[in-house]
Amino acid sequence: MSIVVNGMPAEVPGDPRVSLLDFLREQLHLHGTKKGCDQGACGACTVLADGERILSCLALAVQYDGRSITTIEGVGSATDLHPLQQAFIDHDGFQCGYCTPGQICSAIGMADEIRRGVPSHVTDDLDAADMPFSHEELRERMSGNLCRCGAHNGIIDAIATTLAPLPERATEAAE
Amino acid sequence: MTPLRYARAVDAQDAVLQATTGATYLGGGTNLVDLMRETIERPEKLVDVSGLAVGVEETENGGLMIGAGTRNTAIAAHPLVRQRYPVLARAILAGASAQIRNMATAGGNLLQRTRCAYFYDESGSRCNKRQPGQGCDALGGFNRNHAILGASDACVAVHPSDMAVALASLDAVVHTRTSKGERQIALTELHRLPGDHPDIETVLEPGELVTGISLPPALPRSTYRKVRDRSSYAFALVSVAGAIDLADGHIRDVRLALGGVAPRPWRAYRAEDVLRGGPIGKVAFAAAADAELSHAQALRDNGFKIELARRTIVAVLDELTGDPA
Amino acid sequence: MSIAKDAKGLAQGMAQSLMAKAVALAPDNWVPGGVPDPLIGRQHGHLGRAVSRIDGPLKVSGTARFAADFPMSDMVYAAIVFSTIAKGRIVRLDTVRALAADGVVEVMTYRNAPRLAPPPAFMSDPKAAGGDSLPVMQDDQVHWNGQPVAVVLAQTQEQANHAASLVDVTYESAPAVTAFEDARANARPAMFMGQPLHDEKGKAKAALDASAVRIDATYRTPRHNHNAIELHAVTVTWQDDVLRIHDASQLVSHTAWSLGQMFGIPEDKVIVTSPYVGGGFGGKCMWQHHVLAAAAAQLCGRPVRLVLSREGVYRLVGGRSLTEQQVSLGADADGRLKALIQRGLTAKTPSNVMPEPFILAARSSYAAETIELDVHTVELDLLANTFMRAPGESVGTFALESAMDELAEALNIDPIELRIRNEPEVDPLNGLPFSSRRIVDAWRAGAQAFGWERRSVVPASRREGEWLIGMGCAKGTYPYYRMPGGAARLTLTPKGASVGIAAHEMGMGTATAQVQVTAERLGLPIEAVDFEYGASTLPGPVLAGGSQQTAAIGAAVIAAHRLLIKELLGIIGNDSPLAGLKPDHVACRDSGLCKRDDPERHETYASILARAGQNSIEVVGEGPPPLELMHWSMHSHAAMFCEARVNAITGEPRVSRFLGSFDCGRILNPKTATSQFRGGIIMGLGLALMEESQIDERNGRVMNPSLSAYHVPVHMDVPEIDVIWTDIPDPHTPMGARGIGEIGITGTAAAVANAIYNATGKRVRDLPITLDKLL
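Chains as they are written, first to last, in the numbering used here: chain E, 1356 to 1530; chain V, 254 to 578; chain U, 216 to 990.
Errors might be hidden in some of the hints.
[What the hints assert, rightly or not] With a Cα cut of at most 27 Å, we get these calculated DSSO-like pairs of lysine-lysine:
(1) V:Lys-535 with U:Lys-977
(2) U:Lys-797 with U:Lys-710
(3) V:Lys-535 with U:Lys-988
(4) U:Lys-781 with U:Lys-710
[Stated by the list, open to error] Sample of chain U residues at the chain E side, in silico, Cβ under 8 Å:
(5) Glu-373
(6) Val-673
(7) Arg-893
Read the hints as simulated data drawn from the structure, not as lab findings. Glycine is no exception: its CB is placed at the ideal position from the N, C-alpha and C atoms.
When you get a sec, could you build the whole thing from the sequences and use the hints?
As structure tokens, then:
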């Protein structure tokens, strides 16, 4: 077995203490995933495990044997950006850029959660078939990703204009 | 983090067999990995049970069975939970962050440990929970987040879970397994009050594995309200889980549980006794809250929690007895 | 109008538009009688354009390399053991078990650490970078709770961390002063930047007593941490007696010089690079981790990676100190200030020179007839405190601007009107003219954009459901600084130009804005300009602090530009259309030079270089001394507007709307400037509502050293924040710009507190404003 990272299989580390985050950074040299606290409190290390956003600092790499991990390097490259990455630039959704890979991975996982109908703390109607893609929903759902530079408005704008289901995006543009 | 071995259990029986002395079960790791990094937990072996007992199913009596390995997000998103147990969905969604909810298991959520700052400061502070008999630095220190109910001179820490508070209000039952067999424990009996032994936090035996949580049929209306400093991604200062059944303008049945105020998910039996069979209205609600909080004891920094809990209880009862939105 | 006249007009218009595209040389000084930087009025060039960050693609793709992202072969990982007493000495230090643990290469303690000089404390020398002057792991003495006492080096981070937990230390405690109250009696006058934090104009106490309306209140602000999301990190190696540091730094040259002093080597033998910094805010200066990593690398002869744990950041990187401020305001019935008194206490340590200077804003805010300002400081046995975003103004404006709100209510005057009535004509203390002060414009524009007229004058009178709603305003202010000594290298090639300067890009947008500035100045397309920064090997030094980088870099580039033009004219030869012209006769446009009053006489840089047979020209220019600061009182201002909601049941305070209206001179890039303003405001929301570093006064230990226990705002706490600005250039600064990095955090906390008062009728004077204070 192995961990598949951005489509490439990688051998699971021998030391079970190695976190998925340190595995990515120190062994695979995928430095895009960042360490901001190593305590599950900042979201900078967010990656996608089989499409679901998780905190790689609280994940032991060995536990993800057989899973498929997507990091920021797997989302898009500097010369071939994912639309959300481009939107972060267009909306200035970052300043120092340190929390940015985590914000982007988190947003991709979040959009999928909304599509799957996962409610949030601010969802009024838990029974609703379609979850709203409102700014309030996005702010609540992205609250696990801290940003100290204060790029919050740009981040939410970038997500809203890129990942919203098409009709809502049209509404967004009209506003 | 101390050196350790890792094994992935194939089923519950295998897990129990592998859980030899010095071993700890690993769920999503969202609390345990952090505690290991702080060297507060030093297992020699991790038995990974996160892939076992995953799923939510309806039971024959109209309740639910939640597998211990079910991720928090999956529980909150489950249609039956959302329809029948909104208190549980809302409690889970009020907790932690989406990433953590995607990782954390139901069993692990119940067994997470306090975030008391002095408990967490392994090298620099005294804590009876970490090291029995050492003393408690929270008593004379920062204790704004600490308990007003059920604490002892040895420990004033609170249980941090939101989900467990909802479960306490739902009469949930915890299903466990040891090498000797299986048993069921009322969720309200799972966590011990600290007394002289805050280091012993639950009634579980060594090696006893939580395999699932069952819920009886729900009361018609329920909700969860969490009060915290930050508007998201913060532990509760006070939370209230409530479920109610109304009939002919009075309260036929009611369940209340409090979070953020006690060493365990705090079932508010005294308040329930005042309310059950009685009238609807602020006077009754305030009397119920006062009954529950009459024994509350404030520390240096947390006296506000008594009034906050009183208000939040009344507000939740107001919401549950108001016109459905 | 005749056709002939039309043609003439057309020709004139063309010449003017050509001239408008040409940029003459900027002045070499900003003194009375001089001319402004020709860039200040340019409307349709690169300046003022919302250019996206030039480093954007690297940052969003995770390929921008931060300090901990540089792998090195044979590298070891470090973990630090921190002291658990506030003061005393180490009596036993057992490293046997740690040394025996798997993968451990070395354990460094005071016994085997290389001998080092103490760090030069910041401000003790122009290039001093130390947060304090305490020796680093040189003896058995403990000076604060959390001081590093051992560094474990191992093959992996996991091994190092584990071995660090095996180091066994026994201490002998000495009496320590860790409680603010215990030190109060020993308060002493505070000095800041070599000057006393004390000002007097007239007899303020007497004027206060004689005032018709008086406000007298005490405000408290707690300690804060910067909490940049990037952990402090260094990757360090010694290569042939050169110390090479991949750093996260806002003062690379200072760090190189200071480490040179400590290790006894020339500063050019220390190379510090820091191309990306994951947030600074004053916290990414030189602290013990630099020294420990360099010493450890020397000791074990291998490259070292030292990434502080989040707890480690709190234990060894200082933050903002606490303040207790008394503000007394006296006014006549019309609201004219007769007396302004702001005085109080802060705390520092015996080994640093940074009392939180909370009176700075009051020095130039209002035209009070009498003024008395004073800071006293006590000394505690704690980790040294330091600069954090808008030191002084951030917390000082909370007190001053809350008091102004209290005075407005006592006078029954609109809070904005009260402030405008007390606008000074000249600097109230030193009498200097203001370089540019358009705060009244900012107030008017902000009030209109925010809908201030909808504010209810009566507190606690607006409610929606459970939520009480209120509006508040406050004035923010931050001075213009330009530190002496900044130099820039300017390299011109046939393809374009490159600026090299030991400055820093921590996300402020510096690199992007300076590319725009340089392109505009040289008449180049943006793509033809490169900006090299973040390396101690470059000319400089330019400190990223005090919101002064833009001006400092701007002035250095202006100086280099003058030299460059001189060099170009020197090689131009007789065949050029520009032959015989002097620097003051030429201007830059369209990738070349032209005659200033005849832009058609033009030759491209490429052509000039080709004719002279040169591939490039390189010059280094040094910015002139900041004489402008001696001739004018130079300050930016902001009018801050907040709408707050407080839950009537639970007391939970939330900010639902915020608008900042800024007067900061010329805005070079509206996109990155918006982010700077918003970022400051959001940190101000944290300051107002949730931030506090909790030090247990029994033993001086930080008890919330994590991002889950120290709350910073999350997305849900941050509403849409509107920012607008006057965009009126300051004629006495490079580019007409003043710094924008810190002003956003000033005034914000008071605007929030004042909005909460308006919502609830409760005046909270102790930050943070948490729900328990509003129940």
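Structure-based check of each hint:
A hinted pair counts as satisfied when its Cα atoms are at most 27 Å apart, and Lys-535 of chain V with Lys-977 of chain U qualifies at roughly 25 Å. Of the supplied pair hints, the one linking Lys-797 of chain U and Lys-710 of chain U holds, its CA atoms being roughly 24 Å apart against a limit of 27 Å. About 24 Å separates the Cα atoms of Lys-535 of chain V and Lys-988 of chain U, which keeps this hinted pair within 27 Å; it holds. Of the pairs offered as hints, the one joining Lys-781 of chain U and Lys-710 of chain U holds, with about 19 Å between alpha carbons and a cut-off of 27 Å not exceeded.
Residue-level restraint check for Glu-373 of chain U holds (minimum Cβ-Cβ distance to chain E is 4 Å; threshold 8 Å). Hint status for Val-673 of chain U relative to chain E: violated, with the closest Cβ pair at about 29 Å, above 8 Å. For Arg-893 of chain U, the interface hint holds, since its Cβ comes within 8 Å of a Cβ in chain E; the closest pair sits about 5 Å apart.
Of the numbered hints stated above, the single one contradicted by the structure is hint 6.
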